[in-house]
Structures are given as structure tokens and as C-alpha cells.
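Peer 1: Protein chains in written order, with the UniProt record's numbering: chain A, 1 to 337; chain B, 1 to 337; chain C, 1 to 337; chain D, 1 to 337.
Any given hint could turn out to be false.
[Claimed, not checked] Below 20 Å or equal to it, Euclidean Cα-Cα: the simulated SDA-like pairs (lysine to any residue) are:
| id | chain 1 | residue 1 | chain 2 | residue 2 |
| --- | --- | --- | --- | --- |
| 1 | A | 24 | D | 281 |
| 2 | C | 24 | B | 278 |
| 3 | C | 273 | C | 238 |
| 4 | D | 24 | A | 292 |
| 5 | B | 24 | C | 19 |
| 6 | B | 24 | C | 281 |
| 7 | D | 24 | D | 3 |
Everything labelled a hint here was simulated from the structure, so no lab data went into it.
Protein chains: 4
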Amino acid sequence: MTLDIGVIGTGAIGREHIARLHGKLAGSRIVALNDMDRDSARAAGAALCPEARLHDSGQALIADPAVKAVVVASWGPSHEEFVLAAIAAGKPVFCEKPLATTAEACLRIVEAEVAAGRPLVQVGFMRRYDAGYRMLKEIVSTGRIGAPLMLHCAHRNPTVPAHYTGDMGITDTFIHEIDVLRWLVGNDYVSAQVIKGRKSRHAGPDLEDPYLVILKTRSGIVIDTEIFVNCQFGYDIQCQVVGEDGAASLPEPPAVPMRQASMASSAIMMDWKLRFIDSYDVELQEWVDATRQGRVTGPTAWDGYFAAVTSDACVEAKRTGQIVAIDAVEAPDFYRS
Amino acid sequence: MTLDIGVIGTGAIGREHIARLHGKLAGSRIVALNDMDRDSARAAGAALCPEARLHDSGQALIADPAVKAVVVASWGPSHEEFVLAAIAAGKPVFCEKPLATTAEACLRIVEAEVAAGRPLVQVGFMRRYDAGYRMLKEIVSTGRIGAPLMLHCAHRNPTVPAHYTGDMGITDTFIHEIDVLRWLVGNDYVSAQVIKGRKSRHAGPDLEDPYLVILKTRSGIVIDTEIFVNCQFGYDIQCQVVGEDGAASLPEPPAVPMRQASMASSAIMMDWKLRFIDSYDVELQEWVDATRQGRVTGPTAWDGYFAAVTSDACVEAKRTGQIVAIDAVEAPDFYRS
Amino acid sequence: MTLDIGVIGTGAIGREHIARLHGKLAGSRIVALNDMDRDSARAAGAALCPEARLHDSGQALIADPAVKAVVVASWGPSHEEFVLAAIAAGKPVFCEKPLATTAEACLRIVEAEVAAGRPLVQVGFMRRYDAGYRMLKEIVSTGRIGAPLMLHCAHRNPTVPAHYTGDMGITDTFIHEIDVLRWLVGNDYVSAQVIKGRKSRHAGPDLEDPYLVILKTRSGIVIDTEIFVNCQFGYDIQCQVVGEDGAASLPEPPAVPMRQASMASSAIMMDWKLRFIDSYDVELQEWVDATRQGRVTGPTAWDGYFAAVTSDACVEAKRTGQIVAIDAVEAPDFYRS
Amino acid sequence: MTLDIGVIGTGAIGREHIARLHGKLAGSRIVALNDMDRDSARAAGAALCPEARLHDSGQALIADPAVKAVVVASWGPSHEEFVLAAIAAGKPVFCEKPLATTAEACLRIVEAEVAAGRPLVQVGFMRRYDAGYRMLKEIVSTGRIGAPLMLHCAHRNPTVPAHYTGDMGITDTFIHEIDVLRWLVGNDYVSAQVIKGRKSRHAGPDLEDPYLVILKTRSGIVIDTEIFVNCQFGYDIQCQVVGEDGAASLPEPPAVPMRQASMASSAIMMDWKLRFIDSYDVELQEWVDATRQGRVTGPTAWDGYFAAVTSDACVEAKRTGQIVAIDAVEAPDFYRS
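Next comes chain A alone, as it looks inside the complex:
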């Protein structure tokens, strides 16, 4: 009954998933590993799951009859190949974000899954598993604040490393809002705009920071999000949904209220890894549970594709300053619940 999993990619996130799926969570174990860096895979296996077989390639791991489900945590450009291979093998696959590096590649995966005729692919958008977003979605869903009309959001990091440049504010940072806000309001995006302004002196030479992204949904919901990855003060994720009858916000992470040195204060976390760390556990436990039942309950290949199309539109909007239409293909019936 235990789900036997093979993991492709034993870097940081790969190792964390191995530790979760082999020891921490219930109902799964790691039986096979692969990494382009064979030493990395061997070390991960030795440390975390000594009985797992090491494979020379992701393809070989996927083909291994002992592997009943696949986790893809390798570098982005390899995702498409491994997800398509898992679909071809008829094996459930959990793929870390991004599903693939282009919208076209995502669409190929969508088409392959539709052709396969049964749900196999889940994408690693972990925020849907955050307790706060879930509480917020529940309140929105009950209609207590009426139909959502506007969302005011912020995604703030204290600082980013030197290699964080160009459009990474969209592709690596805002990509999380792209998925989770669409899920939150249950409505697809139709256009994107990026409003740039005064740049922080803390931002590096190859980075616009901060800026405002405006998304609009099919039903007309206006979503503004401040992207500010050198805000200095903390890792700070904000989301307020304004509805026809009231407003509801993402809870702040719990923190000890202090009174000290003429300040009433609560700590804001500085390390983004801590903010959604519980979400990864929930995400993978639910994936294991659903996979054992032959279902996909999390973000689908279609969600991965839609995020990619939206991200592309935001990048273009950032470059041009124009309002850019988000032109996704028609959603296959396969993904309609």
C-alpha cells in the first residue's frame, strides 16, 4: 500500500522532498534516485534512503518497474522530458515548478496527459497548501464577503542574491501569486500590466525593483501586486480580497507580540524558506494520498500551462509598459471539474 517513489534531481529541493517522502510523511518511500550529478544522488541516497536504487538516467528511473510514481526536482529545462516520459509510462508524476520552461512545452505536456486519458501530473505550487490561503479561500468560497472585486497583494523579500536579475521578479517570484490567486478566486486571467516606478537604491543594476503588476480576470476582478524583492524588512506575503460585502486578508504568520524598548512589535520572518515550509509537507502528503487513490487533487498540468502563459504576458507587459492580453488556448474538458 506504501507508494514507491523515484526522485529525479537530488539538489536542495529534491533532498527535502526525499526526506519528507521517506520518513517524515506517511504512506510513501523512496525506492529510486537519479541526478545528472551521480555523486549528488549517491550522497542523497546514503544520507536519506540507503536502500533506494541509483539510476543512470531519469528515463531509466521512470522505466524501473519498482517505481510507481515519480517526483521531478531536477533543473527546469529537463522537466518537460521527464514529465512526458512519466506520462508515456503511465506513472503519476509530481513536477516541481515550473512544469516546463515555455508555455509551448507546458502545452505539449497538457496534450500528452489529455491523450493519456487519465490524470497523472501535478505541479509543485505549494502555496495552495498554506493554511492561511486555505482559510482565506474558504471564507471567499462561503460568499461571506460577496463576489470578489479586487485583490491587493504584495510579495516582498528582504534581499535577493546578485544572480537574481532581469525578469526573475516575474518568473521566480510572482509566479507563485499567478497560480495561487487564480486558484483563490477561481477565475482565469485575461490581461496583465506592469507599472514601474522609482527604483530602490538597494536593487542591483540589472533589476527593476519594486514594481506593480495588475492582472485582470475574466469576470473583471482587478488584482494589484507589489513585487519588491529588496524591501529590506522581511519576507512578507500580503493578500487582501475585497468583495461586494466585505474584505478578507491572508493571516499574518504567528509571532510573539512583544512590548520592548518603546515598541509594540512582532517579528517578521526574514527567511522565505520558513514561510511556506509546512505547505510542502501538506502538499506532498496530499499528493501521496491522492496518488494512492489514482487521483490528482492539486495543481494540474493545465494550471502549469496557464501559469506559464500568464508569466509570459507579464514579462512582455514589463518590457513594453502596455496592457497585454493573456491568450491561453481553450481549456480541455479533461481539466474541468
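Since the structure of chain A is provided, determine the placement of chains B, C and D on it from the hints.
Peer 2: Coordinates of chains B, C and D only, in the frame set by chain A:
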């Protein structure tokens, strides 16, 4: 030394100002009244300042040698005439907003005051006198949050009456943010955009509600403001300034924290009149004090003009959906401090 | 109609009251001054009210026919004499706390006022005029939280000067809670207990700090108050009323919410003078207004007496560690509203 | 390496622990069950762990060589017998609170464990595993608020069932604070006092409600706790630690901030079962992990004894109104870390 004031306009706001300036505040008294509705003026005088002389016209009141300073609280279309007359008479004048009904008329007042060669005109933008905005401006001014980069604001009313339609969300509601935010960041606006989305079912047929206004300042500060005048839940004014080194927000009005019926809660006021009621007292006391010293320390005719130009641009932006440039004339040296 | 006031005592609080009653507030002016230190009185007059007559004694000031009402702001041991003289002269008198230095002296004032047959005396307990306490009392009074059962309070100062020793935590600090909490719940105290524990290293050698005071009211309400005058972090006044159906707390003073340096924070004021500064204005304005109508609407001589009896019981409770009964005389009908 | 556990007691809490230890948490499984109600045990086994062996008695279960560790979740009066038997068998035992029904019985367990010479017993005080209390303890431990001087606490339930009477406010409710606050400040109690006041009309005839409990620790920390089990508004656990240099409080459970119907609000949970539900997971996972390493890292038998002695003193204090000394025996060196 008491400042002898004549008031033109004895409607609701006029009467409130009379009560403040004749009995509640220190250093002033009302000596003359005028209203187009002579009965209204007579009733106001009888109730609030029986010794004040009733004048047949605003012009006659301004000409009355006993009147040392003028308060204009008549209906908007008459403001230009009375303010110009006060300038011509060399008398300090406090004019309720708007300074005049068009930017051109405001500019005529500006030019008249410049020609007069000394400061005489103050416009009734009372939010600059709110304790919360002042605390916020003080923190921004100290540089504790670094240079302001973005402002996230909201102006929400629970409901509006049936006659509130068309562009009143700009001209009657957002006009307050236009003035106070420019003062808060000390930077002129250069462009405006209005982003409309899904309309609340609570909004009347001739009203867009809510929408988002984006202003950009000369230094590149991006200011987004949600205008939502049928939000149902309360009169709710929000303002967060995000700077290079931190963020600071407008304090919430004091309210008793309750724990009751499975809710931790605090009341949000429903009546906008209560939100800035103390500001009017401070505004007029400071105006009286400054006037007695021959100075203008509050919003000037130039501020009134700049607000009008910005408001016009927002109305156009709302109509066209475009990013509209805010083309004010060059500020006269007269208003440079 | 303006109330002509004589002020006895031109120290710090005396001067502040003079400035309020002569220029800041409406309906009053200062016509006479006295201080044991004649130079102090002369300087105060020169600075604040040059036309006020200087008297050689408080008694002479009270006897001055131009003086229609008296403010006593001299040092505590002189209060009884001046208040009794004002009563004898039939003149309304506002006496800074304490009404007198012993409960017996307070009782003599009560008896004199009762004998005089009309209300003349108000005691300067300014917290009843604080907007926060008033909001809290209004909520308690409406019955929204049901009958009050418990109050949890704190009175914290960052530090105290070296001369603050002995029982001053009761007589100078807790005395404010003694009056305002009795007013808040509308119920007299019947017993007091003081619970001492570990002493802060920041407290001086002749001071217990912090400790807990427990008061119980006639109806059985239990009130615990932490007195901590070297708490370091700020001037912090807390009060939560727990009722049968809910709880309600004193609002925090407004402060700008900040996000900075890994903290979400709001300033706590360090200077106690700022916390209730608006209350003094309201207190004196209401006293002027009521006095002009021949009424006393604020804390009465009886309230001053009851506070003194309670304070005495707390001092004994602090000394003995016992639960001490609060034995006030029966309240005269005169003070029953 | 998996820990093979036998569970005695298959009522509500027993079943929850079985589900955690057999499927949800890592590193353990249930191999044996017993309940005085054999049908209950059979049903629990069928539903949760079909392969577990059913035993006719707790003693037989403990003796089963397949059982490597024991969980006691039977009714209170049976705890002593089973814990002593586990100690005698040299098997680690997790015993739900109370450790035993009298302080004397707890002491017999302490003595048996000391005689056994190695740590075997853990008591089910789950609050030590709550993320909020742990954050609070960490801050207190770092010395950031200085030495703790006072604690202000509250334990509130919305309502209690009719069978909740007499001293259950101490023995079933306050018992949690007794353990967790002693752990929080790392200091034993020396005295207890109970201050009763006005009774809520919502309290049943055989229940005092609310009341205040005052504990004092060896170092002089004063701890006041409001016990109010018919507070109506929610399950509400409060704890503020006031130290020499600042104060720190238990975080509120995360809740969605709402703005609706003239209220800014957040939900307070009504169901106590939800408040510490995550704590049970952490508690048992840490117990499993520590047990597999031959260690006891949670509340010990000594902690169970000390809680019983303190609870007895509180019951006496409630009955007598006196300050009651807490006379525990000297702590064996065995429990000194």
C-alpha cells in the same frame, strides 16, 4: 487681537465652521454672515452668533471694514468670485474645497494672489490636519523608511446616496487623496490611470464602483488607490507608504477591542463625518493662528489648482482607459517655500 | 458669560491649566493668580495672562469678588484649606488631585459641601475624560458584554525618578486606577489586597516594583492591576473588562504601524504626559461649561474621599499582605444621582 | 526500527492517538490494543490497525513481548496501575494526564521510576508542544525581556457541559496552565490563592465561574490566571510574561482578518479541540523519536507529581480562600537535567 471673520455660505459645513470659529476655538469670532438664502443666514446667525451682521451679498460682506478675514463655504460655482474678491480686498480667505470648479478658474486665483504679492488664500483640505496623517508624514519625513517608492491606499464608503453618480468618485471622493498624498510625499504627480473592473451589485446604474486609480509622481512614486464607495462595511481610509527601508501605514481610528460571539473585533465607523471631525478643529485653529500672524500655513491656492488639474486628468483617464499626463503650468516662485 | 477664574498654584500643572483656561479653551479667562512663590505667580501671569491680578494669599484670591470660580493647583497639603475656603465663599472650585492628603480631610470637605447645600467641588481625575475610557465605559454601559465580572489592568511607567519611593506606587500611580475603574464599573470597592513578588533589578532600593493590586467591589467584581513603574518599555495603560457575555479593552493610543528591520511594530509612548494630554482639555472645558450652568458633572468631593479611603486601604494591604476592608462612611444622599 | 506500541484505552483520545501512531506519524505502529470495553478495542482495531492484537487486560498487553512501548489512555483511576506495570516491565510509557489521581499515587510512580534507574515515563501535557508556547519560551529563554516577574493568563471556554462542576476548573482546566507555565518560566511554585468574585449567570449551580488563581514561584514570580469556562465568546488561551526589560505574549491562533458589517474582526475558535490539535502530533512524534533513542524529553513523572501537588493546593485554596503553601517533596536528582 481676536480675528473678526465673515462667513459666506451658511449651509451644513458653513454652520459647523461658524460654531467652531465663534465659541469653540480660541482667537476668532464671527462678525458677518451671508448666504444666497437669506433665511438660512438669519437662522444661522440667530442660533450661533446673534451679533453678526447679515449682508445681502458675499461681495458686500467682503467689503465690510469690520470683516478682517473671510470664510467661503457657499456652493462650489461661487467660490472663484468670492475668493478673487477677497484677494482684491487684500483680506485673508479660507475657501472650502474646491477652490474653484475648473483648473482654469483655480489658475486665475493663483495669478491674482501672485499679483497681490502676499499669501491670502487657504483651501479647505482638512486631511492634512488629521493626527494620523501627520504622524505618518513625520515618520516619512525623518527618513526612517527611506525614500518612498509606492503607496497603497483605499477610500471606502459604506454606501453613497442616489445622486452620487458619474465622476464623483474622482471629484468628490478621490480629491482628498489627491491633495493629502501629494503633501505626504512632497512630490507632484505626472500621470494618472484608472483601472475599472467588475462592478459591485450595490453600485447604482450611473456609477462605476469600485475602481483603482494609479498616480505616478515626478520622482517615480507609484500610488494605487482603491475607490469603493459602496463597500458596505464602513468608512475606511487606508494608506501605506512603502519606502526603500521599510513601510509605514496610517493608524486605524481608535476603537475598543472586543471579544464576543466567537469574534475578536473592533468597530469600523460608518459615518464619514466622524472620521476627520477633529481635523476641522485643528485646521481652522491653525488657520486663525496663522492669519493673525499674516501667514498662510495650510493648503494654498496653488495646491487647489494642482488638485484640480490632477482631478481633471483622473476623470479623463477614467473615461479613456489611457495613461493621462498631468500637465500643470510651472509653479510660481511665490509658492516655493 | 465668560467664567472668571482665579488659580492658586502656578507650578507646572498650574501653568498648563492657566494656558488652557486663558486662550485655548472657550468660555473662560484667568483674572487672578496666587502662589506661595510670588515670583512664580508673577512670571506665570506675565507669560500667560498679564491682566490677571496677583494675590498675596490663596484666601485673598478666593475672597476677590472678581473671581467667580477657583482652580487649586498648589501643593497637596494646602488643598484642604483652599477648597474649604472656596466652599465657604460659595464659589465653584476645581481641585487637582489629591482632594486632600488624608481621608479625614477629604471627609471634612465632603461635609462642608453637603452643609453648603449645593455642588461646588470637582476633583482633577482626568482619566474619566480620556476618549478611550469613555468609549470603553459606553460599551460596558450598553450591556453588550453583560455584567462586568473581572477587570485586568496594568499601569506601567518606563522609569521613575529617584524620589519616587515607598507607597507612591499606590498614592501617586494607582490612585488614577482607583478613581477611573470605580467610575467605569459604577460600583464601590469593599476590599484591597497587594501581592508582591520578585522585584525588578531596575527598581530603586526603597521601592517595591512591580506588584499586583486586587480590588473587589460590592457586587463582587475582581479587579487585578499590575503596578510596574520601571517596566523600561513605555508608559502603558491597560484595562480589559471581562463580562458575562464578552470582553472589552481600552484602545491602544494611535500609532503608525511600521514594517522595518524584521519587525512589525508600533511606537509605545515613553512620556506619560502625552498619554492623557487631551483629557485635560476635555476635563477643563467640561468643568467650565458645567460651572457656567451651576453644576458639577465631574469627579466630586465624595469621589475624592472614596479614592483616599481606598488608597489608604491599599497602602495598609501593601504593608501587611492581608486582605484589607475598605471602610468608607455611608455616602450622603447629596452625591446620589 | 519502527516503534511497536501497545495502547491501553480506546476511547476518544485513545483512538486519536492510535490514528496518529499508526499511519499519520513516522516511525511507529500499533501492535496491541486493550480496553475494559472489549468491543471498543475491537472496533478501534478494525477501523485503525487491523493487525494489532487484542489483549484481555492492560497487564497482558504490557507483558506482550511484541509491545516495545505503551500508551495509557484509559480512565484516570487506572493510570497508576498501568504505568507502574510498564515501569516494572522496563517499557517506556506515555500516560495521558493525569499521571494518577492523587499526588501520593504520582509519587509512587516517581519512586518506581527512580528505582528502575532509567527514564521511562512521559505524561501527556501537550501544551508544551504548541508552537505558540514554544515561541514564547524561546523568547523568554533568550533573556530578551529580562527575568520574568509576572504572568497574566486566562483560560476561557465558551461553555461547559452540565457534568462540569465543583473543582473541575482546577483539576481539568487549570491543570494545563499548572504544567505549561512552570515549564515556561522554569521555576517551581510555592503557593496558591484563589480569588472568587461575582459569578456569571451562565454558570451552573454547582460551579464557581469565573475566578482568579494566583500562583507564586520560588523566585517570586506572580502568576495570575483567569479561569472562566462559561465566557460565551470562545475558547481563548492568553499568556503574557512581563519581564524586567519587556513583555511577551502567546500569539493568537491564525485567523483571517475580516472587514465586514462595520467591524474589523477575526474569528475566535469555539472548539477547544482545535486549539492544540497540532500539539498532539508534535507531542507524539517527539515521544516516538525520543523513545527510539531510549530517552524521555517531554513532561516526566516528576512533572506529573508536581502538577498534582499544585492542583491539590489550588483546590484547597479555592475552598478556604487562604494562601496555601505548595509542599512538594524534594525533587530526586534523577529528574535534574
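Peer 1: For each hint, tell me whether it holds in the structure or not.
Peer 2: Now the hints, each set against the structure:
1. A:24 x D:281: Satisfied, since the Cα-Cα distance of roughly 12 Å is no more than 20 Å.
2. C:24 x B:278: 15 Å, holds
3. C:273 x C:238: Given pair residue 273 (chain C), residue 238 (chain C) holds - Cα atoms ~16 Å apart, limit 20 Å.
4. D:24 x A:292: Since the Cα atoms of residue 24 (chain D) and residue 292 (chain A) sit roughly 15 Å apart, the hinted pair holds (cutoff 20 Å).
5. B:24 x C:19: 16 Å, holds
6. B:24 x C:281: 12 Å, holds
7. D:24 x D:3: 14 Å, holds
Going through the hint list in order, the structure satisfies each hint without exception.
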